[in-house]
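One line per chain: the protein sequences are A and B, in this order.
First residue of the first sequence? That's 1 in my numbering, and the numbers climb one at a time after it.
First residue of the second sequence? That's 1001 in my numbering, and the numbers climb one at a time after it.
Keep in mind that the hints are not guaranteed to be accurate.
[As the list claims (entries may be wrong)] As a list, the in silico DSSO-like pairs of lysine-lysine whose alpha-carbon atoms are at most 27 Å apart:
id	chain 1	residue 1	chain 2	residue 2
1	A	LYS245	B	LYS1137
2	B	LYS1002	B	LYS1037
3	B	LYS1037	A	LYS211
4	B	LYS1525	A	LYS233
5	B	LYS1070	A	LYS236
6	A	LYS214	B	LYS1070
These aren't lab readings, by the way, just hints derived from the structure by calculation.
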Amino acid sequence: MQHRTFLEYRRYRYLKIALLLVIASIVAYSIHSSPVGRYGGSPVGYVLGSIAAALIVALMWLGVQKRRYRANVGGLRGWVSAHVYLGTSLIVIATLHAGFQIGWNVHTLAYALMIMVIVSGFFGVYAYLRFPSLMTENMGEDTRDGLILKIADLDRELRRVALSLPDEFVKIVEASVRDTRIGGSVLTQLSRRPANCPTQRAVAFINAAGKTLKGEAQQQNHALYALMLRKQKLVKRARDDVRFKALLDLWLYAHVPLSFALLGALLAHIVAVFFYW
Amino acid sequence: MKLLLVQITRNRQGQAARAEQTLEIDVLRVGRGSDCKLHLADPRVALHHATIGRASDGVCFVEAATGTIKINGQFERVARLRPGQAISVGPFELIVQEPPEGYDLALSFELLEALPQEIASGRRKLRASLRNTWLSKRLMSWFGAVLVLAAFLVWPVMHALNPAGPLPGRVTPAGVTITADAAWDPGPLASGHHSFGRDCAKCHATPFVQAKNEQCESCHPSIGWHFARDSKEKKALHEAVFMQSDNAARCASCHRDHKGPLGLVRQDSPLCTQCHADLKSRHAQTQLPDIGDFARDHPAFKLSMLVPGKTGPEAIVRVAQGGPKLAESANLKFPHDVHLSSKGVRGPNGRVVMECRNCHIPDETGTRFKPTTMKDHCQACHSLEFEPRAGNRQVPHGNVDDVIATVREFYAQAVLADTPIDVVVQDGIRPPGERLSATQRQSALNWATQKADKITRELMEDRVCFSCHQITRADAADSAAPASAGAWKIAPIAVTQHWLPKARFPHNQHATHECGSCHKVAQSKSSSDIAIPDIKNCRECHGGNATAADKAPGTCETCHGFHVGGARSGTPVPLPGTTPGGLPYDPKDSKDPRQKAVQKVVSTP
């Protein structure tokens, strides 16, 4: 049986609910027109706005729910499924609530924040569907810690082999051993090939400088080169793992803070509307 | 395959201890996975690292599960096993031993490189997650939410509740003025309300309370309600219809601002038809018909007809079109067909082909027309000359006494002064330069008076006045008696100025149409013909409440207004000194019930 994602949860139960909600909103919007047009303050506008606000609060509850050990209301997968589909339906519901009216005000700020939250959520769905399989493919049977240990073993071997080679070889190998970093700053974690990687430099150096060696030294250099290539491969896999994990997490650093900004803007929007009723 | 596995472990002093195990299996899987018979529990070993087996010819071999495996320092994919070979599996070393008697293969394995302490204990730190960087969801969430709430909720609310408080009402960064509640503005104000600027409290006086009528009325004090509340019954009706709930009586329930320059006035029919489609259910005693959709349910137009000889409210009756042919009693002889003849009419300078606009001149608003007057529109052709030999003399228009006096004065002047008129004097021809004797003067004056009265009778009964006015000789009047104002009855002119005063029809917006396409006057021989088009005529172009692709809008608001007496209401603003029906109206007559209405209308800005 094929692995089912959260999108297919209970035969698309929440997709159907979201579609129903969207269709009902469109029908209500089309049928009812207030005397001064369709806008948030018309009767249908109030209903759509209430639904949208309730959905936003309910969907943010996922953040609380997922931290609860006893997440037994449909399970976490059900919550994520509802979160994704109902969240997407907000695009239609909130747009109809606003009656396609925008301006430079807190009302449109709340709308814009909501759209940003949803779009960042789309990236999250993409990330959850794509990166875990990429990570599995990249790691195979290894674990990240296993890779680090293998690299450490290779480092010892590299040091040993390099000892019988000229000083500059020892130096470049030492640099690779000491200064090769897995992970690091945000940008380093996200970059495909960190700039100025000492292992990268060592591979290039050993390849180029090895041509000047002769006899026994050349053979040693050959072995060193093979080891360094293995290390480079392992380092790349470890870094790819870090990168995929970072990409898998990155969207949340937009999604969550924007959600809270949205919650603030939503509150301000509602108070503003009724303060100056 | 019978296999001897020897695990070698060493104590601190480096002394080896052996643990032997005999297996009878087809293949030996090597790895850290639990399904591997040679189970090497270390993260540096692959889940399934290698397989050791025995070929059908009895040769034992090792095969890497993926990629290659290091045997005696060389990387191989598959290798035949010989005693003394060292196979590296991560930190383990497998050595092929000479198999004892009865065994196919013997292997010893030993852990050479123990797991580094910091990893084995899980204390090693690696910045390999965004969680270990400066990024913080919690911090960013707090920052965003607090910033938004402070700028868009706390500042405006605090300032609105306490304008004199510590928070400024406006800030001006880089020359741009931002007021505390600017971001709350949901949309542009109606054009007239733009002058409020950013003073939201002008309408939104109390927090969390909807804008009240008092706010509107402070600037618009003279806006009328839907009908006049001039009787007890009407007051009660007003209460019942409009004051049922607080919300129903709100100006803002119809007039919604912040909807752009045109959003303030409702243009829809349901505003009206929610009551007028079934008015009796709201007010059983009403005389008004039910009106739903202009295209289907609108009754025939009712014309405001002047009643000859009546004044006050009785001077106007409302008569529906579509019944017996209606006739206006304007008391004016005016055949439209003669005036609009394509051959033209005789004028002082020859024949002239007349057009509607020669007499019907749009008023300042362009919606209706200035009254047609004798002086401005008729007299150029219909001269009031009475003596052909004195073409520049005309009788005054409007008062019979003035006419009699003017004619008498003319002929008296003619006989007494030295005029070229061949006055026949009883005493014969008067020589030039000779002064008349007293007897002669009296005789001349007698003649002049008779002549003048004859001419006046002609004017009143035969030509000039008679050609337009309905003039009858008073019964008692003797044709031989001297002319006097009482001798004739001139029926008063009563031309209706507004046939449909409860609707508005902007003529300027219909200027693309020929006048005759609605007003069929080209064949009209009498001023009694009424050329006001009926509802069918309007429906040719105007649809109903629903927007139709091939029709102009035909909502209630297209022709009617809600507020009685307002500038945009269906009741027209009469010219000062006239009533809506067009009758002369005396503003000093305080008994006239129309006075109040007219004054109100005139004073409306």
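Hint by hint, which ones does this structure get wrong, listed from lowest number up? 3, 4
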